[in-house]
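K.L.:
Below are the chains, spelled out letter by letter.
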Amino acid sequence: MNHDQLLNPKSLPHSPEKATLEGKNKFLGLWFFLGGETVLFASLFGTFIALRNSTAGGPSSEELFGLELVFIMTVLLLTSSLTSVYAMYHMRNHDFKKMQLWLGITGLLGLSFLGLEIYEFTHYITEYGFTFRSSAFGSAFYTLVGFHGGHVTFGIAWLIVIMIRNARRGLNLYNAPKFNTFSLYWHYIDVVWVFVFTVVYLMGKVG
Amino acid sequence: MKGWMGKIKALALMSFMAVLLTGCGKENLTALVPKGYGAEESMKLIILTTVIMGGVFLVVIVVLAYVLIRFRRKKGQENYIPKQVEGSKTLETIWTIIPIILVIIMAVPTTLISFDLADASDSKDHINIDVTGNQYWWHFNYQDEDIQTSQDLYIPVGEKVYLNMISSDVIHSFWVPSISGKMDVNPENTNTMYIEAYEEGVYWGKCAELCGPSHSLMDFKVIVVSKEEYEQWVADMKNYDPEKDEPESAVAKEGKDLFEENNCMACHAIGSSPVEVGPNLTNFGNRTKIAGFKEPTKENLVDWLKDPEEIKPGNLMTGKYPQLNDDEAEKIAEYLMQLKVTDVTPESVNN
Amino acid sequence: MSIAVSESSVKAQKRSIGAVLWDYLTTVDHLKIAHLYIFGGAFFFILGGIEALIIRIQLLVPENDFVTAGFYNEVITMHGTTMIFLAAMPILLGLMNAIMPLQIGARDVAFPFLNALGVWLFILGGLLLNLSWFFGGAPDAGWTAYAPLSTTSPGHGVDYYVMGLQLAGAGTLMSGINFLVTIINMRAPGMTYMRMPLFTWTTFITSILILFAFPALTVGLFLLQFDRMFGAAFFDVALGGNTIIWQHLFWIFGHPEVYILILPVFGAFSEIFSTFSKKRIFGYTSMIFATMLIAFLGFMVWAHHMFTVGMGPIANTIFSVATMAIAVPTGIKIFNWLATMWGGSVKLNSAMMWAIGFIPSFTIGGMTGIMVATVAADYQYHDTYFVIAHFHYTIVGGTVMGIFAGLTYWWPKIFGRVLNETLGQITFWTFFIGFHMTFFIQHFLGLMGMPRRYWVFLEDQGLDTGNLISSIGAFLMAVGVIVFIINAIYVWLKGEKAANDPWDGRTLEWTTASPPEHYNWKQTPLIRGLDCLWLEKTEGNGKMIPAHPLKDIHMPNGSILPFIMSVGFFIAGLGFIYQTDNKLWYIALFGGMAISLLAMLVRSVQDDLGHYITKEELKGEAE
Amino acid sequence: MTENTNTNQLTDYHKQKNKEEMKRNVISFALMIVSTIIAFAIVASGVMDRIFAVFLLFILATVQVAFQFFYFMHMKEKGHALPAVMIIGGTWAAFLTVFGLVAAVWW
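As given, the protein sequences belong to chains A, B, C and D, one line each in that order. Read in order, the letters of the first sequence correspond to residues 1 to 207 in the UniProt record's numbering. Read in order, the letters of the second sequence correspond to residues 1 to 351 in the UniProt record's numbering. Read in order, the letters of the third sequence correspond to residues 1 to 623 in the UniProt record's numbering. Read in order, the letters of the fourth sequence correspond to residues 1 to 107 in the UniProt record's numbering.
No lab work stands behind these hints: they were computed from the structure. C-beta: ideal position from N, C-alpha, C; glycine also. Careful: at least some of the hints might be erroneous.
Chain D is nowhere near these chain A residues, computed Cβ spacing over 10 Å in every case [claimed, not checked]:
(1) N8
(2) R92
(3) N93
(4) F96
(5) G104
(6) S112
(7) H123
(8) F132
(9) R133
(10) G149
(11) I156
(12) M163
(13) G170
Straight-line C-alpha distance at most 25 Å; calculated BS3-like pairs for lysine-lysine [unchecked claim]:
(14) K23/D with K98/A
(15) K497/C with K619/C
(16) K178/A with K78/D
(17) K15/D with K97/A
(18) K83/B with K347/C
(19) K253/B with K227/B
(20) K17/D with K97/A
(21) K76/D with K10/A
(22) K10/A with K15/D
(23) K75/B with K537/C
(24) K298/B with K320/B
(25) K23/D with K10/A
(26) K347/C with K75/B
(27) K76/D with K178/A
(28) K306/B with K253/B
Given these sequences and hints, build the entire structure.
P.N.:
This is the structure in structure tokens:
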């Protein structure tokens, strides 16, 4: 198969994201990366759990966290996971325009999640004087949640790049794996968030 | 278990003798000549594992030597093609099962001894001493007696002594090889261990966790005395009143004045004082070493006072007081060297 | 064939230095990347060796003042860090990169671009770490960098440690994923998992270890970085921090790390024993099973480095017994190797000598490993020269000897020359004797009361003779290494071209040219069994059967972007280190990041479809 | 290197399958939202005993994550054996890590 077939296939196979060796490699490589990320986040979660009561006289999680905001953030991120599933659904049906549309929605949901998270952080800093340097708990909280936020930020940047780049090219065998890896990554961010809201916020409230 | 333990003990004794003859380090420092409970328990395991592992090693070496002699490619055999053996279930099972058995043999006493050494249930009935690790010296606070010492830890022979250890800065590790294994001295939690010495004597202790430039100079002593001597030492230390103690010689008196003028008291206490910034100097004249490792001579003390950085790099005393000239240092040294509170001294222990 | 090879090498020799340099800067070829790993690793190995000699000179006599206390701590820290992260691991990654694709019949690795990025991150990370020598002092908190000594260490030494390892570690993680995907997706037709050579198997399992171990180090380094550079309080006890977290994170990474170092050489030794005994490996399946078991157990024993921390007897004994269990699969391996030689036709050349020397050396290392795993006995061993002796017996007696063995064995495949046998034997004997002289006596020094990381030992403590012997041994080892370097240069200048299969090999890599063309094979071979080349030699005509007719070969394009990205991160690293002194350094921080991100953007926007080597070109080069 | 190993064209059969799949995904999304609501409700109401609440929260989180992996990320489908092995391996390493760090503050 030559380049022309990759970029301008006369007809796409039904799973364009895994039709080429590159596609398969990317698919597997990303899954393995996520396996490694699991340990990365576990280390952060472990550190957080070990230090969650080390407030050194500063504000504790029970005083700080409000559930409403976190709930809205959770719903936003969960929904964005569903919309990226829709995007992949349309990719498998070779409907590029609809895929782009749903990816766009995913990005917007991600952005609003990020906006709320930034609001949350500034709120803690201005209202409670609770910063990264306040206590070991503060360091652990901002590091864990911030690492997740960083992953969201990177995901959004990635999404924007592949959307703009491929806007005029349409779907082909060269870029289908890229969309697919993005969507897997995005789901994984959601998985991490499930544990963030459980361990940090809900358990923080329960005590 | 008793049966083979007895054999092990006999073996241990034999290997002891062998090691002693060939020289196994300095007595009262080396872990190979245990003189305390912890060290002895560790030694049992050391001998057990060495014997088992030595056996395994012997098997490997014998097989390897046989293979090399018997199956070495000789001239004229260049084209010989050996039989391509895939493996052997029986053999592979054998060398899976035997190691498992060996591991179990070692795991059982390991578990028993480590639980035994960590058992602190009777700490209330024994002497408790707070140990604080500092860069680069040790502080000992006798909980019930209101006595503090630095660098020299006096304990009675044949008695369990509990050490509650915490660090004031970085992680250190408390190790008196001849008496007991080591335990880390962490800044955030108190670690407890007990030591028990079998023989009177002055034992060498070391810091075993990298703690900065002078890590290798953070030595201390455990001075094991008879019970009567210990009681006398405690009494002498308790009854000492620094207010009433005036140096006899004129030089020492001047030294005392200089000691006060230079504000040494800001860090160093003479007499009981639970607050520690620098080492407690109450019984300084009887210290086994200066700065933990220098012979206790006046010259060494003068050198130390004039430039501690030269002797113990990175120590916290450097720069905390005005530069002393020879004369001043001599006088302070004279004063400090005569601070002898008790007749129970490291020298008296050895007699 | 041979004519074609020499022609192309004549062409290669005629190229200017600039062209060669550009070629290596932009290469994505697995063999050239292997060259970079090996040369980079060798450079740092020499550096680490010099540091080792400084240590041994300082400890030649009691109360020596060859170096100052502060400098000594920098030297021991850098010796450990350099040897583990910048010498042993990169050389192993180099061997894997060179050999693993050849053993499975792949033309390259799955992600050639990432492969190049990995090697440049390692090289620039290593350089960043060593820059500290010239700018205010190297890290001095030990290679384990225990907090709070590391968080309170003055100057920028530990900052360099953090940033340097962060870069090199990221590169290693990429290689791990890369090798995994390569082995899974790119095996030649017929190369089933149970036909893969053991070196490929150990590469596979090592990569899994890398994948799961390195993230813990990444997080640990981030925490250290945040504490040191941005005022976080993870290890600040006054603000509720806990220093034991660092120890856990470090050893959750650190213990698998020692298996990352040893498993690949287990694979290499398996190949060597098999080839030079002219026998297939004894118990192939149990070797794989044992490797997996070692890797699995390796994750559950990290706390045996922390027996004296005060975790309590329950945790201590669990970790103690789990550690002892590792002796079982390791024992299986040792005896399988012995059984492989048993009944074989054992040829004692220098590659095989390393393998044979490895068996007693590593067995001692394993024995002492069991001894230090015995928790109450470890209260005596811990942090003494006994432990130093133990892990040098495993890392030098295992990994370094394995590296020498693997390099000697695969040198013809990687560099196209066979190493000189006489010089090889001299290297082996000087190194082997020097090694045992240096480290055997240290077991006793440790028990006689010499803790590790001691700048001086005092007079009259019974430690003089042992230390003297140890220091003399270190110099013998240095002689061995120098002879090896002379050997490498000598054969490069004077040596003859190596044949495709100089050792009468058994596995696929010996069917290609030495060194192979960048596409490795004109036609992908068809694999018919374990030890596929041996199979064709004994049951076929000695050549691999092609899996398909001659057709165009698709190869990836070279790119300068990996290098630019790494440079960007390097600059950002400097920015991180110095922004605590002067806010202007934020320019470097953000500038460097911008360079890297821009390079990433370019990479993701451009269509990089690779190029084709046409049938006609291949025919032109053929026969 | 690049080879089209999958010549299957998109057919109505595949379209139908995709549609069914999507339906299942929507259902699993609904279940995820429900379990999220339950989790928040448990905490907001504060009626439950602490230990029990934490236990339940973890069950709910695990269920949600399972939905993400198996449905959204297609881990239930064929050809996902290796990803599954890696994620399980990662989870095991992750469990050990968290366990170690949590134990660090318990002694």
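K.L.:
Each hint needs a verdict: does it hold in this structure or not?
P.N.:
Checked hints:
no.	hint	result
1	N8	holds, 13 Å
2	R92	violated, 5 Å
3	N93	violated, 6 Å
4	F96	holds, 13 Å
5	G104	holds, 18 Å
6	S112	holds, 17 Å
7	H123	holds, 19 Å
8	F132	holds, 20 Å
9	R133	holds, 21 Å
10	G149	holds, 19 Å
11	I156	holds, 18 Å
12	M163	holds, 20 Å
13	G170	holds, 15 Å
14	K23/D with K98/A	holds, 17 Å
15	K497/C with K619/C	holds, 23 Å
16	K178/A with K78/D	holds, 21 Å
17	K15/D with K97/A	holds, 17 Å
18	K83/B with K347/C	holds, 16 Å
19	K253/B with K227/B	violated, 35 Å
20	K17/D with K97/A	holds, 21 Å
21	K76/D with K10/A	violated, 31 Å
22	K10/A with K15/D	holds, 19 Å
23	K75/B with K537/C	holds, 22 Å
24	K298/B with K320/B	holds, 21 Å
25	K23/D with K10/A	violated, 30 Å
26	K347/C with K75/B	holds, 11 Å
27	K76/D with K178/A	holds, 21 Å
28	K306/B with K253/B	holds, 19 Å
Violated hints for the displayed structure, listed by number in ascending order: 2, 3, 19, 21 and 25.
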